[in-house]
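K.L.:
As a plain string of letters, each chain reads:
Number of protein chains: 2
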Amino acid sequence: MTEAQWPARWLREQLSYEARDPALFRAALTHRSATGPNNERLEFLGDAVLNLLIAQALYSAYPEADEGDLSRLRARLVSAEPLAEIALAIGLGEALQLGAGELKTGGFRRQSILADGLEAVCGAIYLDQGLEAVRPVVARLFAGRLAQLPEAQTLKDAKTRLQEHLQARGLRLPAYAVLAVQGEDHAQSFRVSCAVAELKLTTEGEGSSRRRAEQEAAERMLARIEP
Amino acid sequence: MTEAQWPARWLREQLSYEARDPALFRAALTHRSATGPNNERLEFLGDAVLNLLIAQALYSAYPEADEGDLSRLRARLVSAEPLAEIALAIGLGEALQLGAGELKTGGFRRQSILADGLEAVCGAIYLDQGLEAVRPVVARLFAGRLAQLPEAQTLKDAKTRLQEHLQARGLRLPAYAVLAVQGEDHAQSFRVSCAVAELKLTTEGEGSSRRRAEQEAAERMLARIEP
Numbered sequence: 001m002t003e004a005q006w007p008a009r010w011l012r013e014q015l016s017y018e019a020r021d022p023a024l025f026r027a028a029l030t031h032r033s034a035t036g037p038n039n040e041r042l043e044f045l046g047d048a049v050l051n052l053l054i055a056q057a058l059y060s061a062y063p064e065a066d067e068g069d070l071s072r073l074r075a076r077l078v079s080a081e082p083l084a085e086i087a088l089a090i091g092l093g094e095a096l097q098l099g100a101g102e103l104k105t106g107g108f109r110r111q112s113i114l115a116d117g118l119e120a121v122c123g124a125i126y127l128d129q130g131l132e133a134v135r136p137v138v139a140r141l142f143a144g145r146l147a148q149l150p151e152a153q154t155l156k157d158a159k160t161r162l163q164e165h166l167q168a169r170g171l172r173l174p175a176y177a178v179l180a181v182q183g184e185d186h187a188q189s190f191r192v193s194c195a196v197a198e199l200k201l202t203t204e205g206e207g208s209s210r211r212r213a214e215q216e217a218a219e220r221m222l223a224r225i226e227p
Numbered sequence: 001m002t003e004a005q006w007p008a009r010w011l012r013e014q015l016s017y018e019a020r021d022p023a024l025f026r027a028a029l030t031h032r033s034a035t036g037p038n039n040e041r042l043e044f045l046g047d048a049v050l051n052l053l054i055a056q057a058l059y060s061a062y063p064e065a066d067e068g069d070l071s072r073l074r075a076r077l078v079s080a081e082p083l084a085e086i087a088l089a090i091g092l093g094e095a096l097q098l099g100a101g102e103l104k105t106g107g108f109r110r111q112s113i114l115a116d117g118l119e120a121v122c123g124a125i126y127l128d129q130g131l132e133a134v135r136p137v138v139a140r141l142f143a144g145r146l147a148q149l150p151e152a153q154t155l156k157d158a159k160t161r162l163q164e165h166l167q168a169r170g171l172r173l174p175a176y177a178v179l180a181v182q183g184e185d186h187a188q189s190f191r192v193s194c195a196v197a198e199l200k201l202t203t204e205g206e207g208s209s210r211r212r213a214e215q216e217a218a219e220r221m222l223a224r225i226e227p
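Note that the protein sequences, when read in sequence, are chains A and B. 39 is the number that this note's numbering gives to position 39 of the first sequence; each next residue is one higher, with no gaps. 115 is the number that this note's numbering gives to position 115 of the second sequence; each next residue is one higher, with no gaps.
By construction, these hints were calculated from the structure, which means they are not laboratory data. Honestly, I wouldn't trust all of these hints.
Identical chains blur together in the list; that is why a pair holds if it fits in one copy or across any two.
Stated by the list, open to error - Calculated lysine to any residue pairs in the SDA-like style (CA-CA distance at most 25 Å, straight line): (1) LYS156 - GLN56; (2) LYS159 - ARG220; (3) LYS200 - ARG9; (4) LYS200 - ARG210; (5) LYS156 - GLN167; (6) LYS200 - ALA180; (7) LYS156 - ARG145; (8) LYS159 - GLU198; (9) LYS159 - GLU204; (10) LYS200 - GLU184.
The model shown is predicted, which means the values in this text are computed figures rather than measured ones.
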């Protein structure tokens, strides 16, 4: 994309979207390494737009899932990796404007830059024509991933997944320990650690119950050790 | 609220909102300690609704703020404490349906229960009549807080705030250390620690640059030590 152009054709062809305000989309497709208005602020907004639309899709798809399951499913869908894959699939990397340094080092292929760009485009569509204009775009972009979501009954909590992951690698079970309990009787906050001795890793979690704190610690351990 | 009632009058009087689907609002105002559909799932959705509306309000109010500043401002507005205060101010505690145990121990005054209830109400309005129906409600509920936001130029990053906080308490400056650098040249990920020796506290942060990782570690330290 040169500075004089704006990505009307790309939006139309890849997202079936007819943009009204060119400046929004020029900014959405400009990385901060380039000159001119960039996509950092639109990314902030678009992240929230995506979070809501994916939250709602999951809320509808899993009428029995609890909040923890819904959060975990969403985290999988809106993390940098799937976002970057979607961005690549729609040629967002080529539509992005990067500074010379980033261009030379292949920034248009970098995961975070692609993911941020996709979020920024969602933010731009939201400002351009509102939430209901983003909804069909996101539905199409995530159609494959939403269709491949796990069966509701197979959703597992973090402690269970961590245990299974470690067992599959032939490692011993994690050790949980309460580090601190704060607050009064009915507003307590627990801080626990989760240690995987053989990997020399320890994570911590906090929550309003020991169980919740352990789940958080296990979730963080998974984030560390899962590929 | 008795089981036979639903909170039409409360919604009208406190939120100037005319609800269509009573079941949504009955669930939104039912804590999981009570029987029947509760507000956990609506809270998940409402959290995303609030995050988006507050993100947008800040995006407009701070045309020059970067993504980090916007995130920090939002975190202040949508954390449990302000949400619970707003919930209290609109009598959400009395509108909430709680189980007998929670009732006896004053659960209707508990911060997390109030905050979750407010998020759930936002989620219910969103499902009832869409995002544009939540917008004026949130604008009114947050009017005072949005009006009292800091001047844009006084926004400070986490490392600066942590330093000032420690200095105000007469403590020494935090020590940052790089724990690990992963990835190839232009897709590196940094993990750093932030230690406050006199408080015997250490936090960690990750990011695509050392500076970002340090900011995250400082942010977590602030979350630990700020009242």
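K.L.:
Which of the numbered hints are not met once you compare them with the structure shown?
P.N.:
When the structure is compared with the hints, only number 3 turns out to be violated.
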